[in-house]
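Protein chains: 2
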Amino acid sequence: MTRRQDQPQANPQEAASPPTGPTSRRVPEGDTHERLVCDACGFINYENPKVVVGAVAVWDGKVLLCRRAIEPRRGYWTIPAGYMELNETTADGARREAREEACAELDLIDILAVYTIPRISQVQILYRAMIRDGLFAPGAESLETELFAWDAIPWDEIAFPSVHWALDHYQKAEGQAVLTPFSNPPGATGADPASVS
Amino acid sequence: MTRRQDQPQANPQEAASPPTGPTSRRVPEGDTHERLVCDACGFINYENPKVVVGAVAVWDGKVLLCRRAIEPRRGYWTIPAGYMELNETTADGARREAREEACAELDLIDILAVYTIPRISQVQILYRAMIRDGLFAPGAESLETELFAWDAIPWDEIAFPSVHWALDHYQKAEGQAVLTPFSNPPGATGADPASVS
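From first to last, the protein sequence lines stand for chains X and R. For the first sequence, our numbering gives the first residue as 15, with consecutive numbering after it. For the second sequence, our numbering gives the first residue as 15, with consecutive numbering after it.
Same shape as in the complex, but just chain X (with noise of 0.2 Å):
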């Protein structure tokens, strides 16, 4: 999208098209990294890794999990999670993405694991955690939610590698009533959504 400033427009069609947000590169004064920045408006677009937050949520000994009604990977079955928004906990973070995916409240107990998925600048907080009377259902951004078995899981099927990873672990630690959290499996870097390392 992105689009020298001196080039001429080829076509309406392409002079219509949104509109790519700061493309000039440079050192802002002060700092020692190169930024984007906006000539028109001077804004300098700071970026940071951005912090995802969810749940490994079971109900009767089995795995709640949501089969994705976006993209990317709609389809696939994934764990409730998401973006964490401004001026929220992890946990209210956590709480609020099943809210939204599996229509479930969460009683978190434990941070299960942090990955780093550096290729995309992600961190990933992932709690273990109870639902709630053992309701839910399908939310805007989920086809359908569904408890599974540990040996019925779905696993040529799961959105991302993270989720991969959050599973093996949860199983890993049943039993352990204090817990380090996992981070990323040995070598894995998360680089490839489709597959688990």
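Any given hint might turn out to be false.
[Said to hold, decoys possible] Beta-carbon label-pair distances, calculated as ranges:
1. X/PHE162 x R/ILE84: 47 to 57 Å
2. R/ASP106 x X/ASP124: 22 to 32 Å
3. X/LEU157 x R/MET144: 45 to 55 Å
[Said to hold, decoys possible] What the simulated footprint calls covered on chain R by chain X, stretch by stretch (three residues with Cβ under 8 Å from a Cβ of chain X suffice, anywhere in the stretch; the number is not a length):
4. 93–103
5. 121–135
6. 160–174
Read the hints as simulated data drawn from the structure, not as lab findings. The beta-carbon is built from N, C-alpha and C at its ideal position, and this holds for glycine as well.
We have chain X already, so just place chain R on it with the hints.
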């Protein structure tokens, strides 16, 4: 620093003040939240919480503190910690901050705490760590670096509430090989930089 675009500029000094960034607040198409938008370049400023990574690092039973050479809270003591950069892991970020602020190489042990400061939308991921070879020195952002015995910590000169929390929590966790990471102390939001709650 915000100024309405249609107001006359009071004097040349004010006219030369730094640009303010995008100032239109509206709900972009397909979005559900109001965002700040630049009317010139169309940039949409999606804001998310920022991640701070750091460590309570010890050597010979004493804890490493850095006296800040920069605002905010210049002259006050803190643990080595700072904003996570793009394309690094949380652990790499914590080690980088110790290198920058205290010229120390850290061996991270586990996650001591995950704090949220909702008022400033900050998530802090803080590790327990050992200082490799006991070597440290002030980095560019520190006036001095020092190892403190626990009963010699300058509690009245600590830079931020979350530094208090982390030091308290580290002491509470001493001797625990496996640790559930702490979160904010009950009721503490970190709202007031000068208080501990």
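Results of checking the hints against the structure:
no., hint, result
1, X/PHE162 x R/ILE84: 47 to 57 Å, "51 Å, holds"
2, R/ASP106 x X/ASP124: 22 to 32 Å, "24 Å, holds"
3, X/LEU157 x R/MET144: 45 to 55 Å, "48 Å, holds"
4, 93–103, "holds (count 7)"
5, 121–135, "holds (count 7)"
6, 160–174, "violated (count 0)"
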